[in-house]
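> Okay, here's what each chain looks like letter by letter:
There are 2 protein chains.
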Amino acid sequence: METELSRELGIEHAIFGFTPFPAVAAAISRAGGLGVLGAVRYTDPQELARDLDLLDGLADGKPYGLDVVMPAKKVEGVTEADVEAMIPDGHRAFVQELLTRHGVPELAEGEASGWRITGWMEEVARNQLDVAFDHPIKLLANALGSPPADVIERAHAHGVLVAALAGSAEHARRHAAAGIDVVVAQGYEAGGHTGEIGSMVLVPEVVEAVAPLPVLAAGGIGSGEQAAAGLSLGAQGVWLGSLWLTTEEADLHSEALTRKLLAAGSGDTVRSRALTGKPARQLRTAWTDAWDDQAGPGTLPMPLQGLLVAEAVSRIQKYEVGELLGTPVGQIVGRMTSERSVQAVVDDLTRGFERAVTRINRIAGRSAT
Amino acid sequence: METELSRELGIEHAIFGFTPFPAVAAAISRAGGLGVLGAVRYTDPQELARDLDLLDGLADGKPYGLDVVMPAKKVEGVTEADVEAMIPDGHRAFVQELLTRHGVPELAEGEASGWRITGWMEEVARNQLDVAFDHPIKLLANALGSPPADVIERAHAHGVLVAALAGSAEHARRHAAAGIDVVVAQGYEAGGHTGEIGSMVLVPEVVEAVAPLPVLAAGGIGSGEQAAAGLSLGAQGVWLGSLWLTTEEADLHSEALTRKLLAAGSGDTVRSRALTGKPARQLRTAWTDAWDDQAGPGTLPMPLQGLLVAEAVSRIQKYEVGELLGTPVGQIVGRMTSERSVQAVVDDLTRGFERAVTRINRIAGRSAT
Chain L
348 METELSRELG IEHAIFGFTP FPAVAAAISR AGGLGVLGAV RYTDPQELAR DLDLLDGLAD
408 GKPYGLDVVM PAKKVEGVTE ADVEAMIPDG HRAFVQELLT RHGVPELAEG EASGWRITGW
468 MEEVARNQLD VAFDHPIKLL ANALGSPPAD VIERAHAHGV LVAALAGSAE HARRHAAAGI
528 DVVVAQGYEA GGHTGEIGSM VLVPEVVEAV APLPVLAAGG IGSGEQAAAG LSLGAQGVWL
588 GSLWLTTEEA DLHSEALTRK LLAAGSGDTV RSRALTGKPA RQLRTAWTDA WDDQAGPGTL
648 PMPLQGLLVA EAVSRIQKYE VGELLGTPVG QIVGRMTSER SVQAVVDDLT RGFERAVTRI
708 NRIAGRSAT
Chain A
348 METELSRELG IEHAIFGFTP FPAVAAAISR AGGLGVLGAV RYTDPQELAR DLDLLDGLAD
408 GKPYGLDVVM PAKKVEGVTE ADVEAMIPDG HRAFVQELLT RHGVPELAEG EASGWRITGW
468 MEEVARNQLD VAFDHPIKLL ANALGSPPAD VIERAHAHGV LVAALAGSAE HARRHAAAGI
528 DVVVAQGYEA GGHTGEIGSM VLVPEVVEAV APLPVLAAGG IGSGEQAAAG LSLGAQGVWL
588 GSLWLTTEEA DLHSEALTRK LLAAGSGDTV RSRALTGKPA RQLRTAWTDA WDDQAGPGTL
648 PMPLQGLLVA EAVSRIQKYE VGELLGTPVG QIVGRMTSER SVQAVVDDLT RGFERAVTRI
708 NRIAGRSAT
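Chain order of the listed sequences is L and A.
All you need for the numbering used here is the position in the first sequence, starting with 1, plus 347.
All you need for the numbering used here is the position in the second sequence, starting with 1, plus 347.
Because the hints were derived from the structure by calculation, they are not lab data.
Fair warning: there could be bad hints in the mix.
To be clear about the criterion: a stretch of chain L counts as covered by chain A if any three or more of its residues have a C-beta under 8 Å from a C-beta of chain A, and this derived list gives those stretches [what the hints assert, rightly or not]:
#1 538-545
#2 574-580
#3 700-710
Source: prediction; values computed, not measured.
Backbone N, C-alpha and C fix where the C-beta goes; we use that ideal spot for every residue, glycine too.
Just chain L, with the same shape it has in the complex (with noise of 0.2 Å):
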């Protein structure tokens, strides 16, 4: 599974794997593909050093890369408690009620929760490029628009590929406008922040509109055979997070939402505002349900959202309360069905790409060597 864009990174088949942990994106590495860590979780950049490190250290010299959140709006000079201060209290409220109704302990006195705001600020994006770029990254991708011009010059002169994600055509044209290197073509299928139109319509609309930058096909891919549907399409390779979430190497909040994940089909997941403000697709509980309901105060906009629920995500994680317990994560959890290790899924990934090719040429008449 060989592109102009693997050959370009050292990588032996064009699979980049984003994952928040750094066992499996350097197993993903390892395993022939790019692992890429992202860094959303990190509020301390030591923290995303000392990992990076790890990452580094288990990759055995592969490539990998670096996935952060920086929002193409600057917020400047505000401050998280001028934030918390916008949120109404009516919106508190029902937090409090849902987690009472379902009884979900308090954290302990001092105990922070995991996921702040902070993680979506500039300024802590930038601490974490410092620290990246300290680091033999290989890609820069960017999770909210495009990185600033600055950080773009910076990557070029550390030798570093920047990738964007984009839900449509015209987000990608900026992306390629602002310089970027590589644009991931994200489906409404796939897990985290997605647009409205599914992989099979964005993935080739981008490759036109950008071309000839190169593309990857995100959002439904966990099979070879979407390996190559997504190749077909006119990607240089795919982007696959969901898959890994249920790895051996993935280091999850809980057993309990790994079940939960196992056990999902591709019709549990739902795009909800319920996490941070924008349309982020997730396994559908008690919670993204409580949020969407018209009967509820309905969801606050980005950022506030993501501030007003994130001590209660880290509650239910913390506890593992079943019926609130989720992710975000694609339609893909319907093929989610045991752990198997990272090098597991990349063979299994490329013994279908085969397969699929092998048919594809069946059907077009060809005999293929």
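Following the hints, position chain A against chain L.
Same frame as chain L, but now just chain A:
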């Protein structure tokens, strides 16, 4: 583009084209695919007989099919008047207000609206079948669930394959258990009634669920690259509906509607209950906005909504009221940018398919001849 199913049907390319227009269906069949005429608008069996004669004459002896709407659940002993009586006055007033606000003229005295609830009732579909089996159809598709057992038997006695649309693996399994021959896996991107699972995820799920039954990939397919993707996912053919709406042979309600389709992008459709009461993808218009607006009365369940809006839709189409004018269409509408002949569309599909196969072989490191 040859599969076991295309060979069984005696067609050159595994391209299945759904269309409400006999001239388009015939042109698809002449071009080497299988034209499938949508029967839902034929409330009068004589009219269907006339158009099947026409199709037959135009098809040059090539095989073609028919698509009926036969509800899975029987509505016994209920007349159109009974259903009319269930519509709340507030909803009628909402329609009136909408039409008045947009200055939509009345139909002339005695002029009937084209689309009625009757097209969705089993009795009508059964009359259509009597007509259909008098013609050399090769495929009978049902858009709403599995056809009744006696219809499947009758089709098989005539040597006709039976297909049914499915938006989930569970629906597909039910169709297979009912004894149908082909499943059309229709993803979220498609025009008309769709589920929420994107084609990239749905198609392989359905292929696995009903193997060894053949599956057609539907939803988001409008190029040869997309056809290659659908076939990579395990389908034995592709099912296209939207793409033919702007062909030269199509007889759309108005030039204004054709112009709207040619101008629309992939983000200009919406999955809305505004047309029938079930979620159906269509052009986003002031009409769908009004029904999807939380300030409005909301839509009624099928079949009430369809009956409620039938006359209004006819008036909007007849008088070409721009802001309200819409039609069921998939996200692929973004690719429909010029009026072309059906033959040109099919040529484009097969050429794009060959290009995609060459490219995927290069990515796989194979030389294909």
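> Taking the hints in turn, state whether each one holds.
The hints, checked one at a time:
no.	hint	verdict
1	538-545	holds (count 4)
2	574-580	holds (count 6)
3	700-710	holds (count 8)
Checked against the numbered hints above, the structure breaks none of them.
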